[in-house]
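Dock chain B against the given chain A, drawing on the hints supplied.
Now for the letters of each chain:
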Amino acid sequence: MIALCGDMYIYLPIAEVSVNAFVLLGLGGLVGVLSGMFGVGGGFLMTPLLFFIGIPPAVAVATEANQIVASSFSGFLAHVKRRNVDFKMGGVLLIGGLIGAGVGVFIFNYLKGLGQVDLLVKLCYVVFLGIVGSLMFTESLQALRKSKDAVPSKSRKKRTWVHALPLKVRFRVSGLYISAIPPVLIGILVGILAAIMGVGGGFVMVPAMIYLLGMPTKVVVGTSLFQIIFVTAFTTMLHATTNYTVDMVLAVLLLVGGVIGAQFGTMFGAKLKAEQLRILLAIMVLFVCAKLGFDLIVQPSELFSLGVAGGH
Amino acid sequence: MRNIYAFVVIAMLSWIGHASAQDIVLGLSKQEIGITAFFDGSEILVFGALKHQSEESSEGDLDVVVTIASPRTPVTVRRKDKRFGIWVNVDALEVDLAPSFYAVATTRPFEQAVSEASDLWHQISVRQLIRAVSGPLAIENPEEFTEALVRVRESDGLYQTLSGAVTLQDQTLFSTSVSLPANLVEGTYTARIFLMRDGDVISQHQTAIDVRKVGIERWLYNLAHQRPVVYGLLSLAIAIFAGWAAAAVFRAVRG
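Heads up: the sequence lines are chains A and B, in that order.
With our numbering applied, the first sequence corresponds to residues 35 to 346, in that order.
With our numbering applied, the second sequence corresponds to residues 231 to 485, in that order.
Take the hints with a grain of salt, since some may be wrong.
As the list claims (entries may be wrong) - In silico lysine-lysine, DSBU-like type, Cα no more than 35 Å apart, as pairs: (1) Lys122(A) to Lys252(A); (2) Lys156(A) to Lys310(B); (3) Lys252(A) to Lys305(A); (4) Lys310(B) to Lys146(A); (5) Lys325(A) to Lys310(B).
What the hints assert, rightly or not - Which residues of chain B face chain A? A few of them, derived with a C-beta cut under 10 Å, are: (6) Phe269; (7) Ile316; (8) Trp317; (9) Val382; (10) Leu414; (11) Lys443; (12) Glu447; (13) His455; (14) Ser465; (15) Phe471; (16) Ala472; (17) Ala475.
Hint data in this document are derived by calculation from the structure and do not stem from the laboratory.
Here the structure is a predicted model, which is why all the values come from computation and not from measurement.
Ideal Cβ placement from N, Cα and C applies to all residues, glycine included.
Chain A with its partners taken away, still in its complex shape (with noise of 0.2 Å):
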């Protein structure tokens, strides 16, 4: 192979493959600048990239798990600074995701036995992005319509059947006193997601918060990443006992890429309109969603695949 701008392979322990650590780290900087830029941990863009690369599935979620911590830590303790975490809320959501997080090992590993693992993660990717994607872009289509036309008067205290549940608590940072049962809920939702998916599950756990729950929006993602720091650690730790798939200088590469392009992407995001980055991200969820589903669809070039017999 001709170094044009010089080849380094890493031969990954846990993976047991050897990859171009340019490759890696060129992805992690993609996905640093994305999550800079659009403030999502960018776990469900590069989960699947590494798939599209050669990185065992099991391998690719447990070290994606590893690495959202650290990215969504370096934005949480930015969101700290400016007093934007509501840390009550996000400890009811984190009793969910820890419940949620032991319920998709424990799924992933009853799934990896019987060889449908790869099945179950890329469903759960294409319906999960799939609905995100779309209801994203309709939204966003619809904010940037009124815009033009007048300053948006929404009424965020519509009553809904979430104030109609037992259990009340009063959450003072984002201002609301409701039940603590879907909280809870989402985050169980979000624990199972992110065992299975690899991901930190900001882009299901944001939109539920703002449209479910009704919180401020200056104080959702502070308690996104709240949360997703201590499920994705739980994950990690899962992963790391039961399945010995996270693979620690994959995770580092990634880690270093992420952390140089998210400040590239925060700046650029600076220069854009909220509804211009969430209708780009919204184009680009539905992108990666298509690309996984017709990869379902499609007959395979070919149709045996090989795996470790027994899994663990």
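Same frame as chain A, but now just chain B:
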């Protein structure tokens, strides 16, 4: 080039001595391969000389066949089929023992160098080496699965058939080189050398090549498997530190 090989062979023979099997004297360019952090495959040179006991048996075609095999492990082969509009794994077959890497190099094309009988007996080709078959008895055509295993690994460069890759000089000195891919799995690999006459094995010799992760690769792998809790916590500590450092640098840059 051949002269260089011949020179190397003669030089190596002087220290290898004559401790090996009767008819083949064998050398390897390396007996150990260390998988380091920057490992990107390895080339292994197999060379040696044939000692002719007597002149009477010099009729017929001489061939040298060299095989290099990784340790054998069970593999599950899964087949996809269309269910509800999407492609899903439907059947699985567990192949009892299959090497993750296998190379066979011959002087002449494989079919000419190795007779079917000796392939069957000595398991020289990878198809003979792979032993099916456990798993559900409902599967009608297990050969389709073992064939797929060979096909997938051949396209990944893990199973290689190198026809004509062994050079044999003056019916005495032979040499070949096999390139091992970067995604090598560790273990004790086996190199076998067969001396064939008219497709039948007249002598064989076997030696081991150790493939081991070394340095930080070894350390991380052992830690991950022997002390998973420590490994997990260490991974998290690195992540938290990197996240904190990123935020700190970012603040400093922004002022």
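**OP:** Would you pick out the hints that fail for this structure and give their numbers low to high?
**Re:** The structure breaks none of the hints.
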